[in-house]
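Visitor: Chain by chain, the residues run as shown.
Protein chains: 2
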Amino acid sequence: MRVEIWADIACPWCYIGKARFEKGLAAFAHRDEVEVVHRSFELDPQAPAAGDVPVLEMLASKYGVSREQAEAMESRVAEAAAGEGLGYRSDRIHGNTFDLHRLLHLAKARGVQDALLGALYRANFAEARPLGDADVLTAVAVEAGLDADGVRRVLADGDAYAEAVRADEREASELGARGVPFFVIDRRYGISGGQPAEVFRQALEQAREERAAAQAPVADRDAGERDAGKDEVGEGCGDGVCMPGAGAGS
Amino acid sequence: MRVEIWADIACPWCYIGKARFEKGLAAFAHRDEVEVVHRSFELDPQAPAAGDVPVLEMLASKYGVSREQAEAMESRVAEAAAGEGLGYRSDRIHGNTFDLHRLLHLAKARGVQDALLGALYRANFAEARPLGDADVLTAVAVEAGLDADGVRRVLADGDAYAEAVRADEREASELGARGVPFFVIDRRYGISGGQPAEVFRQALEQAREERAAAQAPVADRDAGERDAGKDEVGEGCGDGVCMPGAGAGS
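As you go down the protein sequences, you meet chains A and B in turn. With the first letter of the first sequence counted as 1, position 80 gets the number 79 in numbering that gives the first Met the number 0; the numbers rise by one all the way through. With the first letter of the second sequence counted as 1, position 1 gets the number 0 in numbering that gives the first Met the number 0; the numbers rise by one all the way through.
Where hints are given, some of them may not hold.
[Unchecked claim] Footprint (simulated), chain B over chain A, 3 or more residues, beta carbon under 8 Å: (1) 7 to 17; (2) 177 to 184; (3) 195 to 204.
[Unchecked claim] Here chain A is said to cover these stretches of chain B; the calculated rule only asks that three of the stretch's residues, wherever they fall, bring their Cβ under 8 Å from a Cβ of chain A: (4) 8 to 22; (5) 142 to 151; (6) 160 to 169.
These are calculated hints, taken from the structure and not from any lab test. By construction, the Cβ of each residue, glycine as well, lies at the ideal position given by its N, Cα and C atoms.
For reference, chain A alone in the conformation it holds in the complex (with noise of 0.2 Å):
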């Protein structure tokens, strides 16, 4: 099984629905079969690349309310961060997350891609530290795992891992994300917001089920055939979602 995590380092939830989901992954008795990977997404990409206007500036800012409605709000992420054991730090600094996206590229193709968003979100929820300064998150790039030179050959060349960002922006929009984070498991099942680790793990468990339920007629078949009917099957109506076309007669 496979689930796809569209996400951004700058977004709260995010970083509190991959707690909850990691939770619900651990109690989901198959986690061994399911891999998971992330995807980009930008809230801000107007942001501006090394930013230094403090979150609750931003807040004030864009919502239209006080210095202490802004801290009101973010006193509530917090508690749900807290909730999950998670450090939450509200002066941290809104900043553009494009280069951070990059880097989870690179990370993804050294094999160090989930350490280095745990990573990320550590530094910047709850430890404040500025990812807009290339130095800071190269600093954060190396604890994860990933080579000094690596990391900025990566920074200083903009158009490195550019476009795989983008193709994630791009899918997210085909899939239908209207915002982050969106779980998708194997492009069948998507779960927007991040909800309780117990959705999760029923979510996995229910994909899971239903696969099994689609294919076991096939099952009952020779081993040649099996790969071709389990296709046929997974593309129709018997895994708790029907596609268009599936019910087509002919």
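Chain B: place on chain A using the hints.
Guide: Okay, now just chain B, sitting in the frame of chain A:
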């Protein structure tokens, strides 16, 4: 809260999903706050209006499987239906559902949409009644509380409610629905497939809690400012999903 459910009468998992959703809704403490709206979706718009192809024949042809294998596929779905206490007959007819959706919009205008939807599912899946036959369809609609004359007028005028059906279908596509059933809570959370009742209950719970959390700082303000503030914060990142632009700093 408002739950919109895109579904097709010809879709087994929509039929099963409706029962599961209603079980989840019944277990939701704030069920009285939930409004449920049916939305139109056709799995097979090309199907003949007065269909006379048995579903088993259609399945065997569509998936290139034997009659026995089609029966095995159907018996898996029948088991899931039985698990929800629903009748399920594999000797039903495959046909076009456009007129059924037009009648569901008439029923919405008359306040009996849910009754008609339940009656159509039952007639198709539990009773294998041929809904492509205008007399049968009219009888089912009358059982659900519509007047026979009104039903006949809508069936005779192909334009009646046709635009309403197409508008629903356009919206499904804009929201990124790739199949049905597709459940959307407050235009924020999307859930695909006939998930277990508990998944629906938890999603409702979560949607409500996070909405309450997002509104809380606003509730501390003057009542007069409340509505404006609610909308602003609702568009932001406080209900479990962060929307593009919500993080923009200006």
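Visitor: Report holds or violated for chain A covering the region 160 to 169 of chain B, Cβ cut-off 8 Å, minimum 3 residues.
Guide: violated (count 0)
Visitor: Between the region 142 to 151 of chain B and chain A, are there enough contacts, at least three residues with CB-CB distance under 8 Å, for the coverage claim to hold?
Guide: violated (count 0)
Visitor: When I compare C-beta atoms, does the region 7 to 17 of chain A have three or more residues closer than 8 Å to chain B?
Guide: Contact hint for the region 7 to 17 of chain A vs chain B: holds, 7 residues under 8 Å.
Visitor: Establish whether the coverage given for the region 8 to 22 of chain B by chain A is satisfied; the threshold is a Cβ-Cβ distance below 8 Å, and no fewer than three residues must meet it.
Guide: holds (count 6)
Visitor: Is the coverage entry for the region 177 to 184 of chain A by chain B consistent with the three-residue Cβ rule at 8 Å?
Guide: Our answer is that it holds, as 4 residues pass the Cβ test (under 8 Å) against chain B, meeting three.
Visitor: Is the coverage entry for the region 195 to 204 of chain A by chain B consistent with the three-residue Cβ rule at 8 Å?
Guide: With 5 residues in contact (Cβ-Cβ under 8 Å with chain B), the coverage given for the region 195 to 204 of chain A holds.
In the structure shown, a violation is registered for the earlier hints numbered 5 and 6, in ascending order.
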